[in-house]
Amino acid sequence: EDQVTQSPEALRLQEGESSSLNCSYTVSGLRGLFWYRQDPGKGPEFLFTLYSAGEEKEKERLKATLTKKESFLHITAPKPEDSATYLCAVRPTGGFKTIFGAGTRLFVKA
Amino acid sequence: SQTIHQWPATLVQPVGSPLSLECTVEGTSNPNLYWYRQAAGRGLQLLFYSVGIGQISSEVPQNLSASRPQDRQFILSSKKLLLSDSGFYLCAWSRTTNEKLFFGSGTQLSVL
Chain X
1 EDQVTQSPEA LRLQEGESSS LNCSYTVSGL RGLFWYRQDP GKGPEFLFTL
51 YSAGEEKEKE RLKATLTKKE SFLHITAPKP EDSATYLCAV RPTGGFKTIF
101 GAGTRLFVKA
Chain S
1 SQTIHQWPAT LVQPVGSPLS LECTVEGTSN PNLYWYRQAA GRGLQLLFYS
51 VGIGQISSEV PQNLSASRPQ DRQFILSSKK LLLSDSGFYL CAWSRTTNEK
101 LFFGSGTQLS VL
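Here the protein sequences line up with chains X and S, keeping their order.
Just so you know, the first sequence maps onto residues 1 to 110 in this note's numbering.
Just so you know, the second sequence maps onto residues 1 to 112 in this note's numbering.
Please note that the accuracy of each hint is not assured.
To be verified - As a list, the in silico DSS-like pairs of lysine-lysine whose alpha-carbon atoms are at most 30 Å apart:
1) X:K42 to X:K97
2) S:K100 to X:K79
3) S:K79 to X:K57
4) S:K79 to X:K42
5) X:K42 to S:K80
6) X:K79 to X:K109
7) X:K97 to X:K57
8) S:K100 to X:K97
9) X:K57 to X:K42
10) X:K57 to S:K100
11) S:K79 to X:K63
12) X:K57 to X:K79
13) X:K109 to X:K68
14) X:K69 to S:K100
15) S:K80 to X:K97
16) X:K68 to S:K100
17) X:K42 to X:K59
18) S:K79 to X:K97
19) S:K100 to X:K59
20) X:K69 to X:K59
What the hints assert, rightly or not - Cβ-Cβ distance ranges computed for the label pairs, FRET-style:
21) X:K42 to S:G27: 14 to 22 Å
22) X:A77 to S:K79: 26 to 34 Å
23) S:N30 to X:E15: 21 to 29 Å
24) X:E45 to S:P69: 24 to 32 Å
25) X:E15 to S:T97: 33 to 41 Å
26) X:E15 to S:G54: 47 to 55 Å
FYI, nobody ran anything at the bench for these hints, they're computed from the structure.
All C-beta atoms in this analysis are idealised placements derived from N, C-alpha and C, irrespective of residue type, glycine included.
My request is simple: use the sequences and hints to build the entire structure.
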């Protein structure tokens, strides 16, 4: 069964303290892996798409990487405005379904 | 540019009452449209998707239904709400089934 597991469930960082969020996935075939950011009471906002192992994408303080079984979202020198829930999702080959993980809630304290 | 509108933002309904949530997309044609539900601490659950007018696929058996009366309009309905229908409902669109999703701002539904 296609599955996405994110860890940790919650992460508390001090401003400037770099860390990584993990997304482990099990799919029969991967068409794409997506990262989204979701603020409380809002819809998710797209961050990155990764298609193949070894691929990396960067945007400001965020960098996403992909292996054959997991993806990491690295946050370098985070700021309080980076506080949000980060969602990982996979698009298996075949069908129309994008499968989401439960997310990692990130809290960055000034 | 493309935009997605979803309303209402908040809704409180009694058990057994009907439901109608509406979503419209602007600035694109023939989008793929989706309804998701998000429970606290859980991943987004796909409820319905549509690749064209009148074409609706259901992912989860329930007392909800969806319709697509126009190319860029997607409606989520129920004839009689249950307590378990409470949650955060999100409409989304994509250009193709393989691409990223663009989400609306969501509707927080409380069934009391």
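Non-conforming hints, listed in increasing numerical order
3, 11, 13, 22, 23
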